[in-house]
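Asks: Given next are the chains, with one letter for each unit.
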Amino acid sequence: MLIKSIFGGKSEMTEAGSKKCPVVLMTRIRLARNLADTPFPGWAKETRRREVLETCLPSVASLGQMKRGISAEIGTLSDLERQILVERHLISRELSNNSDAAGVVISKDQSISVMINEEDHLRIQVIKSGYRFKSAWNAVDAIDSALEEQLDFAFSQKIGYLTACPTNVGTGMRASTMMHLPALVISNQMEKVVRAVNQLGIAVRGLFGEGSDASGSIFQISNQTTLGESEEEIVKRLSSVLRTIIDQEMNAREKILEKDPRKLYDKIGRAYGILQNSHLLTSSECMNLASLVRFGVDLEMFPEKTRNIVDRMFIECQPGHVQYHAGENIESNARDAFRAEYMRKQFENVARPLFNIHESSDKDDTPQSDPEQEAE
Amino acid sequence: MAKPLKCDVCSEPATVHLTQIINNQIHKIDLCEACAEQKGITDPSGYSLADLLVKPDSSKSADAASISCPECGCTQREFKKTGRLGCATCYETFEALVGPALLNMHKGDSHKGKVPHRALERAHYIDRLDSLENGLKEAISSERYEDAAKMRDEIIELKKAMEAAAVED
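If you read the sequences in order, they're chains A and B.
For the first sequence, our numbering gives the first residue as 1, with consecutive numbering after it.
For the second sequence, our numbering gives the first residue as 377, with consecutive numbering after it.
Here chain B stands alone, though its shape is the one from the complex (with noise of 0.2 Å):
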């Protein structure tokens, strides 16, 4: 007879198996009863793998749930609690809840697929931007004047070029 299975979290025998197959890999969890009322685990029809995902992990400090988005507010708790984010820079707030997140969701955790031209267009102006600004800083404190300069042309060039493309839209 097969041996009961045991709760992959406490080691108390397993009531509850969940499979999953993400990416061909097959993902198998046992749980006891009260660690998948911890889990969140206990309404299949209201489970959502997102939800699992995000949960939180009480091995962590109550730091990380105080963390909010500089952008728009939201906190960690916040997006615990709804699935959902406040604004794009929560992606970069709550990476390392995320990022995670993602990989287990999705196919993979990098874009494939249709890029907005626009989009890009700005953030090459924005990256490169911020290399010559930070570089003028650095030729500045170690006085390559002949390097500030030119760099501090390019910058001009470029704030240029990007008010008109501005303009155009």
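Just chain A, same shape as in the assembly (with noise of 0.2 Å):
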């Protein structure tokens, strides 16, 4: 039931490729919140984070940006219900390996999902499609404050909202984009660019936060400090990184293009072969693969309305999306024949891939300057 409302709804992360600027595939904005007087639930006794859940659930269901959406108690879940919440970025792995009294509302839409008894009580999250900041902190805004009017939260005046890790006291907010940095990676350069991010207090993970790898070449870019500074200064503190990261990959971009045009076309002609032609695929091959699409997506060698196909594919060609699709349960040499057989069927009418575009013009790539403020 939970599953097929997922997958039949149109959802932000899988309908909504952003052109106006190629490089962000999604912004989130993701608020940690407490209840006034309740022990935090990694401290709580099971009877308390039950008490949080009982009164939570029903207060974030009823909000009018909830309306015709999933609410669920983790337990209550399979464990392919769960991964699938995961890999679609809907719920934390944390959340998923928690059965004690957690839960998760998710609006119909899929961009607003609200955690329950994960590290804080609540974790509200936004995800809004290309570099959306602003639309994305008015959402998760207007959700905190709908939820302020019924719950207490934790807050002192001197250091802000009460969380359980004090990495996130203050505003509670971690804002982040998702990246994609082909170029960066290709050229060996994403080693000096982490380097560099971190020191100005910015982290940068895998595809799946921390610990995970950098499969597709997908970054998750995000601020570290919620204290000191209001959210705004975070958020321009933020952009004003990513601008750099992205003027960065552009410039590796032209690079490529310019040294070595046939080397990058040996790469993307040979993924498009691969996706349209190949009987296995593991998930992290298939996301390489389609990273190098959406990289040709962008230097127009694909028709634009491919860069949705592929945004898909970084979804659906996760182990329990293909576990789904298969609809049985089936082993990793067959999902990987599973994965191949369904990338062959999304790539069946993509149409070859042009080599010679950047031969004739002289394309400037490089977004404009304020890339949110086209997207918004």
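Do not take every clue at face value.
[As the list claims (entries may be wrong)] Within a straight-line C-alpha distance of at most 20 Å, the following computed PhoX-like cross-link-like pairs (lysine-lysine) qualify:
{"#": "1", "chain 1": "A", "residue 1": "Lys134", "chain 2": "B", "residue 2": "Lys526"}
{"#": "2", "chain 1": "A", "residue 1": "Lys255", "chain 2": "A", "residue 2": "Lys192"}
{"#": "3", "chain 1": "A", "residue 1": "Lys236", "chain 2": "A", "residue 2": "Lys134"}
{"#": "4", "chain 1": "B", "residue 1": "Lys535", "chain 2": "B", "residue 2": "Lys513"}
{"#": "5", "chain 1": "B", "residue 1": "Lys526", "chain 2": "B", "residue 2": "Lys513"}
{"#": "6", "chain 1": "A", "residue 1": "Lys45", "chain 2": "B", "residue 2": "Lys457"}
{"#": "7", "chain 1": "A", "residue 1": "Lys255", "chain 2": "A", "residue 2": "Lys267"}
{"#": "8", "chain 1": "A", "residue 1": "Lys255", "chain 2": "A", "residue 2": "Lys305"}
{"#": "9", "chain 1": "B", "residue 1": "Lys488", "chain 2": "A", "residue 2": "Lys236"}
{"#": "10", "chain 1": "B", "residue 1": "Lys488", "chain 2": "A", "residue 2": "Lys158"}
{"#": "11", "chain 1": "A", "residue 1": "Lys134", "chain 2": "A", "residue 2": "Lys4"}
{"#": "12", "chain 1": "A", "residue 1": "Lys305", "chain 2": "A", "residue 2": "Lys345"}
No lab work stands behind these hints: they were computed from the structure.
Starting from two chains that each stand alone, build the complex the way the hints lay out.
Replies: See below:
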């Protein structure tokens, strides 16, 4: 039931490729909130956690934004359902492993999800496709304010919203973008970028947060500090770093095209060939191939509509999704075969890439100075 | 040739060099292997700034470690082990430990940004009530009965207002 409605509806993650700023796949803002006078979930006994769940779940589900959404207690979900929610970034791995009085409420369009009894009592998250901090902040702020009408949040005038981990205290806000940085990866510059960005109090992680790898050249870039700056200041600082990374990526793309376009065309052409013809594909290989095709879309080698196919692939090539589409419990080898078959179908009607496009035109792919303005 | 660096803790030759930029200030720490291990900086992949900042200081007595939160019972040892606090009151209970750590972790030590209007209103009521109750005790003990009566009336009004706000919610 839950999975059906998740797959049936259009989602921000899978249906809305962002052309205006191709480098940024999506923007996410989450707020950590806790109820006053109640132990944090990691310390609370089960009875207290259940009280929190029973208080928060109906409060969140009653919000206008959550109308016709999904509410679920994590313990009632199957392993596959949990895995699919993780793969769609709707719940964290931590919550998926926690069946003890934990829950989630997801909006109909899957752009909002509120986790209950994760590390904090509430983790309110908004996902928007593309580079859209303003719209993500407006949405998350509105939900937070509406919840504040019903729930007393733990707050100190001196140090702000009180959270289980002191690294989140203050605004409780983690703002992040998923960035697609294939040229920085191909030209071996990612390590340098990560080092420079870390020094500015900004964290760089793989697609699934801490400890995950960077398959598909996708990186999650977020603020590390939450106290001493307002939400607006945090986003401003993060945005200026992101703009620099976008510039670096665009420069790296230009350099690759200038220096050795054949090498790049070979990679993109092979990726297309494999996706159209392979019979065994691991999820990691699939991510990397999809990444090259997305790069090709940015370079106008493929029609723009291919971007949506690729963005959906990033989600749907993951094990839980493949398992669901296969309709039965299949093991790793069979999953690889099913994944390849699924991708062959997806790529059946995608036109062959154009390789001569950059030889005649002197195209400038650099985004305008404020991509968010455009995207809003 | 540059002189070999010495450990900032024990002056043995340093082999671990840690550089962090916090609030535009460069902080450098040089440690020998033994001290680095003692400080928990042995595995860079599992290394967390939060953990380092709240590592136990061996020079402090065991008393500090036995402090526990009156609200939830979380102990300082537990906090150091997990990096997580038990409840909102822990921030006051372990202030001596958490306060300096916050300053190192973040851009500042005071909150800027969104404020939950209701929580503030509640805090304002509680502060005012505390100050009136203290004032009342003082007025009675110094036999200023007229002041005491005024304060008593204000306390009654304030409690009524707090109840009304709670009912509205």
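Asks: Work down the list of hints and note, for each, if the structure agrees.
Replies: How the hints compare with the structure:
1. A:Lys134 with B:Lys526: Distance ~50 Å between Lys134 (chain A) and Lys526 (chain B) Cα, so the pair is violated.
2. A:Lys255 with A:Lys192: Holds, at about 17 Å.
3. A:Lys236 with A:Lys134: 10 Å, holds
4. B:Lys535 with B:Lys513: Between Lys535 (chain B) and Lys513 (chain B) the Cα gap is close to 17 Å, so the pair holds against 20 Å.
5. B:Lys526 with B:Lys513: 12 Å, holds
6. A:Lys45 with B:Lys457: Holds - the C-alpha atoms of Lys457 (chain B) and Lys45 (chain A) are around 19 Å apart, at most 20 Å.
7. A:Lys255 with A:Lys267: This hinted pair holds, its Cα atoms lying about 16 Å apart.
8. A:Lys255 with A:Lys305: 26 Å, violated
9. B:Lys488 with A:Lys236: 14 Å, holds
10. B:Lys488 with A:Lys158: 9 Å, holds
11. A:Lys134 with A:Lys4: Outside the cut-off at roughly 31 Å; violated.
12. A:Lys305 with A:Lys345: 16 Å, holds
Hints 1, 8, 11 from the list above are not met by this structure, while the remaining hints are.
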